[in-house]
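Q: Protein chains in written order, with my numbering: chain A, 571 to 824; chain B, 8 to 264; chain C, 303 to 602.
Simulated from the structure, these hints should not be mistaken for laboratory data. The reader is advised that the hints may include incorrect statements.
Covered stretches of chain B (chain A as the covering partner; in silico rule of three or more C-beta atoms under 8 Å from a C-beta of chain A) [what the hints assert, rightly or not]:
(1) 88–100
(2) 118–131
(3) 135–147
Computed from a predicted structure; not experimentally measured. Each residue gets a CB set at the ideal place from its N, CA and C atoms; glycine is no exception.
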Amino acid sequence: MTLGLGLAGLVGFAVLLELVPRLGLVSDQFLPPTSRILSTLADVVGEDRFWVALLDTLRTWALGLAIAVVAGVALGVMIGAVPVLRAATASTIEFLRPIPSVALIPLAVLLYGSTITSTLILVVYASFWQVLVQVLHGVADVDPVARDTARSYRLGQWATVRYLVWPTALPYAATGVRLAASVALILTITGELVIGSPGLGKEIAVAQESVAVPRMYALVLVTGLIGVAANLITRTAERRVLAWHPSVRQEVPA
Amino acid sequence: MIALNRIFLLLALPVALFAGWWFASAGSTDFYVPPLATILAAFDDTWFGPRLTTDVLPSMGRLGLGYALALLAGVALGVAIGLRRALRALLEPVLEFLRAVPPPVLVPILMLFAGIGNGMKVLVIVSGCVWPVLLNTVEGVRAIDGVLADTCRSYRIGGRLRMWHLVLRSASPQIVTGARQALSVGIILMVISEMFAANSGLGFSIVQFQRGFQIPEMWSGVLLLGLLGVVLSLLFRIVEHRVLAWYHGIRAVERQR
Amino acid sequence: MLTVTGLHKVYDGHGRRVEAVGDLTFTVPAGRFVCIVGPSGCGKTTLLRCIAGLLPPTAGQVTVGGKPVAGPPDGLAVVFQEYGRSLFPWLRVVDNVELPLRAAGLPRTKRRELVNEALDAVGLADAHTAYPWQLSGGMQQRVAIARAIAYQPQVLLMDEPFAAVDAQTRADLEDLIRTVWQRFEMTMLFVTHDIDEAVYLGQRVIMLSAAPTRVADDLEIDLPDGRDQLGTRGGPRFAELRGHVYAQIQKAKLEKTGAEARPRWGPDRGAAQARGTSAEQRTREGRHLSAAEPKRPESI
Chain A
571 MTLGLGLAGL
581 VGFAVLLELV
591 PRLGLVSDQF
601 LPPTSRILST
611 LADVVGEDRF
621 WVALLDTLRT
631 WALGLAIAVV
641 AGVALGVMIG
651 AVPVLRAATA
661 STIEFLRPIP
671 SVALIPLAVL
681 LYGSTITSTL
691 ILVVYASFWQ
701 VLVQVLHGVA
711 DVDPVARDTA
721 RSYRLGQWAT
731 VRYLVWPTAL
741 PYAATGVRLA
751 ASVALILTIT
761 GELVIGSPGL
771 GKEIAVAQES
781 VAVPRMYALV
791 LVTGLIGVAA
801 NLITRTAERR
811 VLAWHPSVRQ
821 EVPA
Chain B
8 MIALNRIFLL
18 LALPVALFAG
28 WWFASAGSTD
38 FYVPPLATIL
48 AAFDDTWFGP
58 RLTTDVLPSM
68 GRLGLGYALA
78 LLAGVALGVA
88 IGLRRALRAL
98 LEPVLEFLRA
108 VPPPVLVPIL
118 MLFAGIGNGM
128 KVLVIVSGCV
138 WPVLLNTVEG
148 VRAIDGVLAD
158 TCRSYRIGGR
168 LRMWHLVLRS
178 ASPQIVTGAR
188 QALSVGIILM
198 VISEMFAANS
208 GLGFSIVQFQ
218 RGFQIPEMWS
228 GVLLLGLLGV
238 VLSLLFRIVE
248 HRVLAWYHGI
258 RAVERQR
Chain C
303 MLTVTGLHKV
313 YDGHGRRVEA
323 VGDLTFTVPA
333 GRFVCIVGPS
343 GCGKTTLLRC
353 IAGLLPPTAG
363 QVTVGGKPVA
373 GPPDGLAVVF
383 QEYGRSLFPW
393 LRVVDNVELP
403 LRAAGLPRTK
413 RRELVNEALD
423 AVGLADAHTA
433 YPWQLSGGMQ
443 QRVAIARAIA
453 YQPQVLLMDE
463 PFAAVDAQTR
473 ADLEDLIRTV
483 WQRFEMTMLF
493 VTHDIDEAVY
503 LGQRVIMLSA
513 APTRVADDLE
523 IDLPDGRDQL
533 GTRGGPRFAE
543 LRGHVYAQIQ
553 KAKLEKTGAE
563 ARPRWGPDRG
573 AAQARGTSAE
583 QRTREGRHLS
593 AAEPKRPESI
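Just need the whole structure built from these sequences, with the hints factored in.
A: Following this line, the structure appears as structure tokens:
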């Protein structure tokens, strides 16, 4: 029943978007009806150019996310494992974290132009913090009793990380990856839109400049669908990771 | 002694990084990376002159207005939707889709409707910020404790008292989470809407500096944006601490158990 | 004060039809302390929710103070088992107790008076400014009781209120609730699964059968009014009454599994055999355990 209602909602929304411009409530120059958007989408999907752009976006997103995750996990585990490091870096992290990555846009453009590198800087900077914060909380969550047990059995540093720290931190890391994936997508598109590096964001900017309004909406629809897909994938992956973990964790506020 | 230790740890790394930047860039002749001293000097001239009132404060004002409107709309709609199961089921997929659209993409779309003036910028911020607030409010309202709801019914606590104490305060931890996400989105959108298409504002000024190769001024703008993010985040934390004092209290007690 | 007539509740859903309450009929006169016991799953909570107006019955009627119940009735307060979840965590103790009075529109001075008296009655005069989660479980339940008292109800319903606290706290709370009952002269309907508690607290114990629930037995508790944990519980009369109730509950449990419903011990053995195995409905106030029957059960 819930599924039926949900589908009905989607259909209703599409119908609404069809009727509003057709009835003249809003000019169809600004808001093309759903049918026109969908037919434009069908055309767009047939273009090579679209697929090149899509792949560029996905590649930037995946690459940026991967770098952020690796760096975040590595640094998170290292810093988290040494209490002094943790205390010393806490203020710096709290200061750097809220800096909006879009502040880096002028710098990136200046140094690297309208290339993928510029956008990657944005993506990595923003996503890194999401992962780092979650992993730090995960490492801090290690049961002190278990830690003492490990020490009394003289488990080496590497073994402690592998058998104690990592399993505890894993669910947090999974949450961090989910949050980072969503942030990374937003910043990828942002970078392409504003900086002009190749990808769907740039295509949207081009469509906007040439006043190809239905095309613009069709591309926006595609980005929305990518976002939805990304959410679903990362949520499922996170749930899988949390499922076999004995204790279920709550998301630490980022 | 412990207090000194704490202060040391708090300041050591930031001071070291700052000093490192200062000295590493001191003799810099690279056009793109000027000495930190030059940047800081430019900071004062650039931002505390007339630009304060023509660009900085209006940008902040738009952010504030957009954020406030998004909070009001998000909470109001979120409560209305969250309390009715059928409505929630009907709207959830649509809302999830609208939330998944990367907010900056709304800038070119809203430009069609609202041009590049103040209205467009505020509208962009509202339309980006409202989703995290709305969806988190729906979540929070949905999770209201059944025993508490029964208590309200049996003591005949209704109307405004019920809305405030049962619905809103019950959902407030979740609403605050949404508000925090919305703040990040809001800052991004404020900057982007001004960088992409505008003729005034903080983001616009910084882009102008970058295009005009006024490098120290550009760097100072980057610094200002960074400071802005930090200060707003701090303000949010302070407000959150007051509003959710009871929630942090409960979690502290639970952790001890 | 409180009458339940032919109460019948059926849950329909997910392709299953569960008859939680079969046919419940009993009367509680004003000012009495009545306990309800039954085997687990016998619909005690369903009964309480119907009386409290939180759940509409499928058939039958409940009246409180002469008026039929169609929603939460006037002059009735409920204390739930889950004290942690029924108090507002963002309100201090004093605000928690005051909230229903604010909803009722009482003026501030009157509210303060009632709140102070209630908190005093439950022994929490010092805890006004604390938050509920800063208090122990027993104290939280006291706050819930204070909130009920301040509401000045004529009928107080309690749904296994002491099930989730430890034994020593439970003993204190039991004595507290009797004191409160005597001081404020309310009608008490106390649902519990703890047989000892029911006999200790009540002037009358209503025993329920397994689902579909009916009144299996109704026992007048003729213990003296001044009760205490050591003296009363240690006495022989307490043991008799308790034994009777226990036997009845066991019988109800066996009925549920379809086994032969004959108590294996206790003063009722002969009477049960004479009466037959089906549960009976009672509309009188209660049956008195005759003093002529053997004083000590034949076996425990």
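Q: State for each hint whether it applies.
A: Each hint tested on the structure:
| no. | hint | result |
| --- | --- | --- |
| 1 | 88–100 | holds (count 6) |
| 2 | 118–131 | holds (count 3) |
| 3 | 135–147 | violated (count 0) |
The structure fails hint 3 only (numbered hints given earlier).
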